[in-house]
Structure formats: structure tokens, C-alpha cells
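As a plain string of letters, each chain reads:
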Amino acid sequence: MRRSFIPIIVILAVMLPLACQAAADKYKQTTSLYKDDKGGSLKAPEGVACTDKALIVADTANGRLLRFTLGSDGVKGGTEIKVPQLSYPLRLQLAPGGDIYALDGRLHRIVHLTPDGAFAGYLDPQGIPAPGTMSIRSFRVDGSGTIYLLDLFGQRVLVLNQAGAFIRQVPLPGDHGFPSDLAVTPSGDLLLLDGTKGAVLIARNGAESFSPLTAKLQESVSFPTYLTSDDRGGLFLVDQDGGTIATLGPDGSPTGRIATLGWKEGQLYYPGQVAVCGSTIVVADRNNNRVQLFEALK
Amino acid sequence: MTQRLTIAIAFTLALLLLPGGIVRAEDNALKFKLKPGASGKLCLNCHNDMQETVKKPFVHTPLKAGECIGCHSPHASSHGKLLAAETGSICRLCHSSVVPADAKSVHKVVGEGSCMKCHDPHAAANKSNLVKGGNDLCFSCHKEMGDAVAKARFKHPPVAKGCLTCHDPHASTKGGFLLKSDVPGLCLGCHNATKPLFIKQHMNYPVAGSRCTSCHDPHGSDRPSILYNTVHKPVANRMCNQCHEEAGSANPLKTKRTGFELCKGCHNDMVNTAMGKNRIHWPLLAGRGCLACHNPHASRQKALIKGDLLTLCGSCHKDTIQRQEKSVTKHKPIMEGNCIACHDPHGSDNLFLVNNASTIELCGKCHDWQKHSTHPIGDKVKDPRNKNQTLQCLSCHRSHGTDYKHFIPFPTTSDLCVQCHEQFKR
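These protein sequence lines are chains C and D, in that order. Residues in the first sequence are numbered consecutively from 1, following this note's numbering. Residues in the second sequence are numbered consecutively from 1, following this note's numbering.
If we strip away everything but chain C, and leave its shape as in the complex, we get:
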């Protein structure tokens, strides 16, 4: 009788770790980008933005952007986009028509480039209620071209139309820690990342205030700095100091993580921005001077 249990116990002992590993390993590193198309090395790239065909990289410490193409034959290109008006690109967004928006770390302004990389102007919001001064920490451009600005000085999220005209604003909650980023879900909900308290807050589509979406995430993340959503509402949270991307369900519950801290391929060292293009996750692996692509395992 006892002997009959032994094979079952052995099978369970083998299967259990495998099952756990399968749950954790939902993404596989596929590509690392180290160079531009002329062989120049990336230096502290902090931003990435992508569509299913294009990938733009903020090669931050080199003061330029790089354009790659995404296709079934992999990632190609690496053409430099360099304009004097953008000296230190931190975070990037691609508008529906292909226009590029970049937050400049030195100017604290958003630089607008045409799809071919020409300078189109600075984003100068129009009709903003007081205070007139703004300090833009982060921003988003959604699928309709609507622009969202995280304004630290005004302690608010500003919503602008494609031309930069004011639509509405949502005040930051009074008892927050320090807001690091904002995101917009496919259903139009506005998310706010409280970096120091390690929590995500939500303002449902059209709501005029934020309320907590997640409990404090400090058990699972060290220092979250960037947040984005995929087309199904799943969330990707850059844990800068933890060297990982934490994944959360649409309800904010932790579901796993992509990569661990380190220097080797597949590992991350102080990542900057993460972008989601279909099943591809692109990470600006800042302190490893490279960009890494991960693919969701089917």
C-alpha cells in the first residue's frame, strides 16, 4: 500500500517545481540591441516606444533617438534621429500618426518630432488653468492622440487634445507619496504610480479624482518608476532598483515578473521605460547600455 504512493510522490515532487517555473517564466528574452546602424554603442538608453512595425529608442546619454524596424525577420536598423532641440531624451511616446514625443530631461519640456524625425515644435499646452507653471515628470499619448501630462508643480494630471489644448485636469490625491508616472488603460482609465509608497491609483474613465487600485506593492517591488498597460489592461511596472519588470493584472494584483537584476542578457540593471507592442515587451535596460526585447511565451 505504502509502495503504491511512492511513484505519485515522485511525480508530484518533479511536477511541482516545473509548474511553479512555468507560472514565473511567462516571458523569454529574444533580442538585445547594443548598436546603431553605424556601429555606435548605445549609452544609458532610458526611453522606448514602439508599434508593431517601428521601435524608437531614446539613446539618452548620447543625446539622440534611434529608429529600428520590427518585423518577422527581427529588429533591423538603428538610424539616428538627432535634433538640437532635444539634448537629453528621457521618455518617449508614439502618436497614432507616427509622430514622436520625447520628454527632455534638461528642458523639462516635451519635444514633438514628425514621423521622419524632424523637429515639429515643443508641446506648449494651451488654456491651462492656474498655476501657469508646469513641471512635467511624465506623459502619455493614447490611441486617439489625446495627451496626458503628469504635472508635478500643479499636482495634477492634465489632459490635452492632439493640438495641446486643455480638455480637463485630475488633481493628484492629497496623501500621496511621490508620483513617478501615469498610464492610460485601453478602457480610458487613468492610472497614477506612486513611486515612494509603491502603489497604483486609478481615476476611472472620466472620473475627477484618484482612488487606490493596488495595496502598497513594496513587498514585491523596490522602487517603481514607470507604468504602462497592454491592450488587454495588463500592467507592466518598472522596478528600477529591483532590476525587473513586475507584471500586474488589470485589477492591480501581482502576476509575475520579467527578468532579474544583472548584467547578462535577459537580465536588467536599472531599467528605464518599458513599451508593449503586441506580444513583444521592449525594455530600455538603462544601466546595461542596451535595449532588450522579451516575447510572451505562448
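Be aware that one or more of the hints could be misleading.
Covered stretches of chain C, going by a simulated chain D footprint (3 or more residues, C-beta under 8 Å) [said to hold, decoys possible]: (1) 64-70; (2) 104-113; (3) 133-142; (4) 146-157; (5) 279-290.
Derived from the structure by calculation, the hints contain no laboratory data. Where is the CB? At the ideal position from N, CA and C, for every residue including glycine.
Fit chain D to the given chain C structure using the hints.
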């Protein structure tokens, strides 16, 4: 009618229980053949030293009543001194109200149940069985505070009178720091804000509702009016209207501008320098601006910093400070709270706001690497793990600590070395 019935039932129960209790104690004495005084007085036959102890002016009630078994088990115990339970638990049996359920602050030793750090459980020369009298007891733990109070040129009289003038020794339901009442209410108990001198000293600004401790050190200081030792120049010059609206205006306490825009009026160069860097410390641009880290009026710290840097920086960079705390090897500047030894708190062109573009040069300010290692590092030495990296100090170390010795991110040095020297991997 119901009330009368309740009283009657309670009275009957009391009558029934009281003799029952006496009977049970007598039963036990008979059943276990206990000698008279077995619950305590008998103990003194062997514990002679206790005979002297009970002669002290203040004796703990159970001991005075000869009830040693109130706290001790006579035969055996899992706790030291044959105590019937952990110290805190025993004390709480009688002193349960010491920490109110709605306490806003609790004395750490009370929370830990270390009652005997302050009280002698048997007897003492001081009221409430305190092991020392007056402020000496408090300053035996709060030594730095004791030194500061002793050295202060300008004293706050209530401090000399006793810490308990303002603080509750166990817990407070009124505010932080065990204060008997929150500030400014506590201060206004002695200081009349309507007196002409008070109003004049505060430049006619209505400060009665303001937080007095944002300017004054309640424990005394080296500056008149017990202002904190570092005072913002406009405050020292009584030029409140440099930042605030005029005292006679509708909103006298309102600042003329908000955030960094207010401070920029005088600290223009500093703000412009920080803003001209590639990377800014984001709180500088946020709603509170400079006040995220600096006190606008006065501070115990240099540069009007709100507190020591470990606490201040750690209020946002908690994970980084905790990494150092947990680290087997400690990094001296962090241990000393000297974050600015490596970081520029306002802005920098470098990652992590470090004040040197070269990690090797930054670390080299304190560490002569050739003395502890001859491993090649520098711009010409490629990192085998990553073709876009060259080897530098942070290729092997994490400056804020790791779970392992020497700030290395692996359990052993061999584990670290084989990351690159894979041919030696076992």
C-alpha cells in the same frame, strides 16, 4: 424596573462568588497543605535581600501585600526569575490602561514590554518605582538629547522641570512624540498668543494656529527665543514678508509664490544651476518644491535640512537605505548619513545624481583601488558579460550594500568571479 433587577442579580452573584472565592483559597491551602504566607511572605525567609528592598519608600503593591505569586510562579517557569509570563504581559494584567487603544504614539520600551527599563518591579527610592528620578531616567536612554539640553545656551524652563511636563511616559492619544497635547495647543498652555509682546515678537503675524516647532526648539538652543540653531536669513532678520503676504493682509500666512518659484527669488543661481542639469531631483520641481527637503524657517540641521539625511532621503528612497541596513558590509558615508558625499541632491548630469561622471573617480575619492585589488578596470576594459559595458567598481559591487560581504551581489567571491571567468566555473 429592569435596572433594579440587574442590580439585584449582580448583588446576588457577588454574594455567591465572594465567599466561594474565599472558600476556594482556603480549600487550596488545605488541599496543598500550604503554610501560612505561602503566597509571598514565606518567600522572604529565603530571599533575605528582599527584606531590605521592601524598606524603600515606594514598594510595588503586590509585594507590599505579600503576594509574590502575583508575578512569580513558585515552582517552575519558562521565563527568567520564575516569572509567570513575559514581563510586559504580567504588568499589563494590572496596568492595562497604560497604552490606550487610540494612542497616536507609544514609547518604544512600553511597546516592547520592557517596563523594567524604567520601573523597579519590587521597590525604589522614586515615585512610581522609577529606577532613577527626574530627567536622569529619560536621559539614560536619550543621551544625545540630555547632552543637547545641558549644552543649550537658552533653556526652555519646562525641560528643566521635567520631561513629563510635556511628554507622557507611556503613550499619547493627543499627538506624536508622546506629547500630552499636540502643538501648538501644548505651547499655548503656557504662552499666551494674545499678549502684545508675543504678537510683536512674531511681527504681527497670526501664528497662534501655526506649528511652533517649525521655528523653535522645544528643548532649548543656542539662539535667543530658542530658535533652532540654523535659521533662515529672512526669519533671523524678521523679514517674514519676504516670503509671506503682509501681516495685515487678508491671507498673511500665504506665501507670495509656491514651490521652487518662491525660493528662486533669492536662490536664483542654485535653482538655475540645478535646472540646467540633465537630471534634476524631481521633488525640487514638485508642488512643495524646496520644502520637500528643507525647512523654510529654522532647523537643527545645516542648510535648513528637515532632518538627518538618512531619515530624509530614506523617506523616499526607503529600499536603498534598507539595503544598507541589511548589508553585511557597511558603506561608511551612508552609515554616517552623508548621502551628499556621492550624490548632488539638486541635480546632476550623471545617473543617480552622482557628483562625478566617472564611477572609478568617484569611488577613488575614498578608495585607492590598487590597494585592495589589481583587477583591471577602466574605459578600455570590456565587461565580458555585456559588450556595451566597461569594467568599473559597480561591475562587481553595489554601493548601497548587498546580502553578502564587500557589497558583492553573490554569496561568495568565487560566485562573482565566474560570472566573467566562466572557464573556472565548477
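Hints versus structure:
1. Interface restraint, the region 64-70 of chain C with chain D: violated (0 residues with C-beta to C-beta distance below 8 Å; minimum three).
2. Counting residues of the region 104-113 of chain C whose CB lies closer than 8 Å to any CB of chain D gives 3, so the stated coverage by that chain holds, three being the minimum.
3. Requiring three or more residues with a Cβ within less than 8 Å of a Cβ of chain D, the coverage given for the region 133-142 of chain C holds, as 3 such residues are present.
4. Coverage of the region 146-157 of chain C by chain D holds [criterion: at least 3 residues with CB-CB distance below 8 Å; count 4].
5. Look at the region 279-290 of chain C against chain D: 5 of its residues bring a Cβ nearer than 8 Å to a Cβ of that chain, three or more, so the hint holds.
Violation of the numbered hints given earlier is confined to hint 1; every other hint is satisfied by the structure.
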